[in-house]
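This is what each chain is made of:
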Amino acid sequence: MNNNLQSIIGNLEKGDKLELGNNEKFSNEILLNQSLQCSVLGGINFVNLTFKNIDFTGSFFSKTIFENCRFSNVILRKSEFWSCTFLECQMTESNLTRAEFNSSTFKNCEFLNSNLRASNFMDFEFRETIFKNSNLDLILVEDVKVWKSNEWIEIKDESDFEKILKDMNLISTDEDEMENS
Amino acid sequence: MQDVAYCYCTNVTEEKKLEVDKQVQKNKLEFKCAICLPFIGFLMGQVLFFPVEGLLAQQIVRNARNLSEPANEHNLNKMDEVILVKDYEILPGADGFPLNNNPRRRHPFGRPRMRGTGINVDPPQNIQGLGNSLEAPKVRSFREVDTGLNARRGNRGDQCPAPEFDMKKEYGNFIQEISEKGYELECSQERFNELSTNPQTGSFDEKSLIEAKGGLQGEAQGMYTNIRRPSNKAVDLDFEIDSSKGYTHVDYKTPIDFQDLADKKGIDISNFPSLETVAYNMGKKITPQKEEFCGLPDGPKSPENVLHVVNLDLIRDSNQKQNMIDSVLKGSEDNSDNTVGIYFLNYL
Numbered sequence: 032m033n034n035n036l037q038s039i040i041g042n043l044e045k046g047d048k049l050e051l052g053n054n055e056k057f058s059n060e061i062l063l064n065q066s067l068q069c070s071v072l073g074g075i076n077f078v079n080l081t082f083k084n085i086d087f088t089g090s091f092f093s094k095t096i097f098e099n100c101r102f103s104n105v106i107l108r109k110s111e112f113w114s115c116t117f118l119e120c121q122m123t124e125s126n127l128t129r130a131e132f133n134s135s136t137f138k139n140c141e142f143l144n145s146n147l148r149a150s151n152f153m154d155f156e157f158r159e160t161i162f163k164n165s166n167l168d169l170i171l172v173e174d175v176k177v178w179k180s181n182e183w184i185e186i187k188d189e190s191d192f193e194k195i196l197k198d199m200n201l202i203s204t205d206e207d208e209m210e211n212s
Numbered sequence: 519m520q521d522v523a524y525c526y527c528t529n530v531t532e533e534k535k536l537e538v539d540k541q542v543q544k545n546k547l548e549f550k551c552a553i554c555l556p557f558i559g560f561l562m563g564q565v566l567f568f569p570v571e572g573l574l575a576q577q578i579v580r581n582a583r584n585l586s587e588p589a590n591e592h593n594l595n596k597m598d599e600v601i602l603v604k605d606y607e608i609l610p611g612a613d614g615f616p617l618n619n620n621p622r623r624r625h626p627f628g629r630p631r632m633r634g635t636g637i638n639v640d641p642p643q644n645i646q647g648l649g650n651s652l653e654a655p656k657v658r659s660f661r662e663v664d665t666g667l668n669a670r671r672g673n674r675g676d677q678c679p680a681p682e683f684d685m686k687k688e689y690g691n692f693i694q695e696i697s698e699k700g701y702e703l704e705c706s707q708e709r710f711n712e713l714s715t716n717p718q719t720g721s722f723d724e725k726s727l728i729e730a731k732g733g734l735q736g737e738a739q740g741m742y743t744n745i746r747r748p749s750n751k752a753v754d755l756d757f758e759i760d761s762s763k764g765y766t767h768v769d770y771k772t773p774i775d776f777q778d779l780a781d782k783k784g785i786d787i788s789n790f791p792s793l794e795t796v797a798y799n800m801g802k803k804i805t806p807q808k809e810e811f812c813g814l815p816d817g818p819k820s821p822e823n824v825l826h827v828v829n830l831d832l833i834r835d836s837n838q839k840q841n842m843i844d845s846v847l848k849g850s851e852d853n854s855d856n857t858v859g860i861y862f863l864n865y866l
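If you read the sequences in order, they're chains A and B. Its first residue numbered 32, the first sequence is counted upward by one per residue in the working numbering. Its first residue numbered 519, the second sequence is counted upward by one per residue in the working numbering.
Treat the hints as calculated values from the structure; they're not laboratory data. All C-beta atoms, glycine included, are put in the ideal place defined by N, C-alpha and C. There's no promise every hint is true.
[Stated by the list, open to error] No more than 20 Å apart at the CA atoms, straight line, and that leaves these computed lysine to aspartate or glutamate pairs for EDC-like:
#: 1; chain 1: B; residue 1: Lys-848; chain 2: A; residue 2: Glu-173
#: 2; chain 1: B; residue 1: Lys-687; chain 2: A; residue 2: Glu-44
#: 3; chain 1: B; residue 1: Lys-783; chain 2: A; residue 2: Glu-44
[Unchecked claim] Far from chain B, by Cβ distances over 10 Å, these chain A residues were calculated:
#: 4; residue: Trp-178
#: 5; residue: Ser-180
#: 6; residue: Glu-182
#: 7; residue: Ile-184
#: 8; residue: Asn-200
Isolated chain B, as found in the complex (with noise of 0.2 Å):
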């Protein structure tokens, strides 16, 4: 093989490159057969490696046998301070498997539109804070990360940590806010769990429990009923609800107050958007967002189903909530004009 080209490792020694030089030469005709055979429909002419800079010889190893396991792992266990890589290519057999069921079918019910059709106005909804008592995820376990592609793998044992969070204390903090901001919320432990469970993965985790917290709220506030996470995965909005407003799914956004974290945390805020600007882009995007999913199985019929609700709970300023409010509906106006199926939480 001809024309190999390779980089390494940084704080890698001339003598060092010298014995990946060697390895290489010598490894390289065995991995193409150990690469290529199982696959003979992908045999390539020509493989360039490149170890991945900033990787440790360990790493390296590490990656390069287990991207390759599902061809040889054995013949690739010889392989050293290489990682499977050719000119941004990853190679058959590695994570350049053709997909089983590349799922490339687009808007299989009729492309969203990205401006919608007339619709009227709903009032912001007066719902009071709903204070989030956050614990950070502790690692438990590990999951595979779900692209939703059902691609083959060649790292199929990749996974990503699984927070863990105490329910019980989640729960119990939660009713006893709701309860002193003077809502009546039916809802068990059980229920709560659920609602906090991440369809996507069937995992608790942070962002979950706060969709959760929110969607709650906005049932006790009287916003919709029986709110639930959605029956088909396909259709990525948070949740399914019952409404007497025609709404079947909410989507629910919670902007950071970036000055809190500066006042907190010393961060500097010249490195973040303004909160009016973060509120416009949202307005502008919520219209083309309802109708994403619309046609989809047990999905909304028509962008008039999807409801946004905009929870300004993490918001510290009463003045920056109003702004917001403000910049959300006149994004939303200035896109598509109409304003409909936004609601607030937590304004005031």
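Just chain A, with the same shape it has in the complex (with noise of 0.2 Å):
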């Protein structure tokens, strides 16, 4: 099934919240200002959508892939994600705080100036996934993997985990390039 995304939140009534999830695929759309808090949706497989200004607050995402996916100024601040993918992802100046990730893959995706304060990771698996100017503190890791040289490297605490990113040069600030170059 391919629908239009759009339309479906269109034909939302008042008092609706978007919920789907019969493994729905949509691709090639781009999604611009809604509000669009406490959705669920569940097997859904996002392909080359663009989000932006876009506030999916408290939503509940299950089975979702997202592959090649652009959010720009999205919220998904206390939203949950279980056994989600992002694949090629690239989220820019988007409100990742208190969100929690379980037993998820980032695959190749990127975080330009987007907050990840507090976000906790459970079982999660980062594969060449990079942080610029995003802010990572107080985030909780637990059985957290990064595929480093060919290789799962686990990762045993929050501070493991900072360390191991960096070391990998997969975090970075503007005032680092500025060192470097």
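Once you've looked at the hints, go ahead and assemble the two chains, each given alone in its own frame, into the complex.
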């Protein structure tokens, strides 16, 4: 099934939340300026979508794949992600504070100027994902793995997480780049 | 400039692609000057352009203009069919500005521990159902996303829609529901509005409204008194409270009933985790979450000061509620050998 997400949202009645869970696929769309707080999405495949100025605060995502998606000024604060995959995605100026990621994966993703403060990662895999000018303060990690030199590195705690990512040049700030140049 | 690599939008004809090629060649020098001259310190040797697949030409142009306004809006208006993304990096002048004040301070008052120390068990609180009658938000106005980074932004005008609520109606419905459940609550419309305001954005929103209703029901039940939003925005817990048991802050969890969604909306429940799994992981994370904001100004002094309330209002089946309580407590116990500071709301 390949519907148009924009039209589904447009057809929501007052009082309705965005609730999708029947293995739908949405591709090549631009979603702009929507308040979609407390949405519930399961088994959804988003391919080549641009989310811009979208508020997903308090939403629940399960078995959802985001492939080659762009998130710009997107609020995912206090959202939960279960068995989700982010593949080749870019998050810019986005708010992921207190988001909770469970049994999920970031692969070839990039966070730019985004805020992940106090987000939680449990049973999570980071593969070639970079954080630039992004806030990773107070994050909690448990059973997290980072792909490094053809093997998985297990993260013991938050300090290991930041150290390993820094060693791999996966965390940087503009100040770091200035120093290196 | 050599080795200019880029791809095209979908549904672009060969003729259009040639036009784009010409335009890129024509503008690249002008573009580099426009971008780089005001920020000579960030001058880059090579610029790669990647129009984002799936974007309409108009959208790309709009993005390009928005992103480049701080550098030189006039010059960049001539750009066409190109988005300012360089090999997965936004160019300086767009989203790649250095931060003025990057708060990369981690755990300024000591790193939170993943495992708590031994604390005693609090019994679940017997509070009956709170019916939330939530209205979907209607777009009223627009606001910027507060990422909390205090970054200089090339797209400062970008905004997220702020939802609109009929707060008088929300308040009236809530007071009636609380009254029907036999609880007494002193709460003015003004206080209800304050509690329903997202402290991070200063606006009413759906999530904050759910938290406020749960929080006030907890107060009505006598779990604590004087519930209010945190005075320090950096203490990212739901509320401050007064409590004879030493709690100073409370955080609410309101799990969703997937079976209810399946029954009402025909959603395939196999795409969601079991409620027991959700509850177990919730319990596992509660102890480390209690430690996250300890030591911050106006924050909890220790994890023992943080109360977590699991509001089971949305769960229909009473057996399911009991299973979830068991799972939350088991998760917490497995992670930290204790289940202290966890209350349950609407658990019968």
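The hints, checked one at a time:
Restraint check for B/Lys-848 and A/Glu-173: satisfied, since their Cα atoms lie roughly 17 Å apart, inside the 20 Å limit. For a cut-off of 20 Å, the pair hint linking B/Lys-687 to A/Glu-44 stands: about 18 Å separates their Cα positions. Straight-line distance between C-alpha atoms of B/Lys-783 and A/Glu-44 comes to about 14 Å, which keeps the hinted pair within the 20 Å bound. No Cβ of chain B comes within 10 Å of the Cβ of A/Trp-178; the nearest lies about 17 Å off, and the non-interface call holds.
Remark: the non-interface label on A/Ser-180 is consistent with the geometry, its nearest Cβ contact in chain B lying 21 Å away (cut-off 10 Å). For A/Glu-182, the shortest C-beta to C-beta distance to chain B comes to about 24 Å, beyond the 10 Å cut-off, and the non-interface label holds. Against the 10 Å criterion, A/Ile-184 stays outside the reach of chain B, whose nearest CB is about 18 Å from its own CB. With a cut of 10 Å on Cβ distances, A/Asn-200 stays outside the contact zone with chain B, its closest approach being about 13 Å.
The structure shown violates none of the earlier numbered hints.
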